[in-house]
Amino acid sequence: MTQHSSHDQRPLVTFALFAYNQEKYICEAVDGALGQTYSPLEIIISDDCSIDRTFDLIKEKAARYEGLSSLKINRNDRNLGIASHINKIVGLARGEIVVVAAGDDISMPERTSEIVRLFSNNKQCMGVYSCVLRIDENGTSLGIFCSKNQTSREDLVMAVKKFCPGLLGASHAWRREVFDFFGPLHPRVITEDRVLPLREVLLGEICEIPHPLVRYRIHEFGISQQKKRWTYNEYFRYNSKMWKQTTAALWSYKKDLIKYSKSFDSISELEITDAIKSVNFSMKKAVICWNFYSMHDVFHQLKLIVSWMILTRDYKQSLRFLAARFFSGLYFSKIERK
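At position 253 of the sequence shown the residue is numbered 253 (UniProt numbering), and the sequence of numbers has no breaks.
Derived from the structure by calculation, the hints contain no laboratory data. Certain hints may be false.
[To be verified] Dumping the calculated BS3-like pairs for lysine-lysine here, alpha-carbon to alpha-carbon at most 25 Å: (1) K59 with K72; (2) K61 with K72; (3) K262 with K123; (4) K262 with K241; (5) K255 with K244; (6) K59 with K24.
Whenever a hint applies, use it, and build me the whole structure from the sequences.
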């Protein structure tokens, strides 16, 4: 009689490493990906059309790999940006769980194993994040960081109100259902770790691993440091980018909530479990919260938008944002009255 190995019952996991112009750090990041102890594992290393030697170094590392995991490398023909890059790799991935990593961070060998263990022990868990060990550009430890993320439905709903539901994307992993149900990310999203948590909490729960599994790179000349030397025009170009990201996040929240609310009737025709009832309650609270922020905070919104229009003269984007606020409030008011 043939004996099956213990990992035959384990889920296939995709470990996706995203790189872009990170030739200084990519070798360590690739070593972290290839050094994962979990099996069965599919490793995808993808470069978003770097203009430095990042992809050449990836190819050199991949050519020397002798491990048992499935290894794929990808290079985009043009720079897709964060959201479209993630969408493409999710489309290529075969795993039931997707673990993501950045090209300047280093994943510890047991990272995937611990993530899968948490997912396996909690079927309602749709997203997982961990603490990180912060390191500088030379790899020197800067201490452990555990972000105060919104892991409960109640916390996340309050975060949606402030347009900042998020977790540390460098340590993030999610079930494939998060994309299967809601579809691809909006192409203009540049902080997926603010959009995906809402999806995860609508479908289930977000779970935390309270110790570091990623060495998270802190750059000396990150955005916060660069701002101190920016000119007036540079500062407002950055603010314009952030404004567009906020608008993209707004539409993503709206689209995902609409998708969830429209699909709920078909879900409720299945076996009604306590977990599904809980998600339904969460969705209603999100709607109330959205309605409150969109309709009752109008003077604060007008002040921000008028100030932005005066300073940047970006009238089209400002009016689009105002319209998004107004119509999202009307739409979710209608849902709540039902």
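Do the hints match the structure? See the list:
1. K59 with K72: Given that 25 Å is the threshold and the Cα spacing comes to 10 Å, the pair holds.
2. K61 with K72: Answer holds: K61 to K72 is near 12 Å, not above 25 Å.
3. K262 with K123: holds, 24 Å
4. K262 with K241: Roughly 31 Å separates the two Cα atoms, so the pair is violated.
5. K255 with K244: Between K255 and K244 the Cα gap is close to 16 Å, so the pair holds against 25 Å.
6. K59 with K24: Roughly 15 Å separates the two Cα atoms, so the pair holds.
Figure legend: structure checked against the earlier numbered hints; the only hint not met is number 4.
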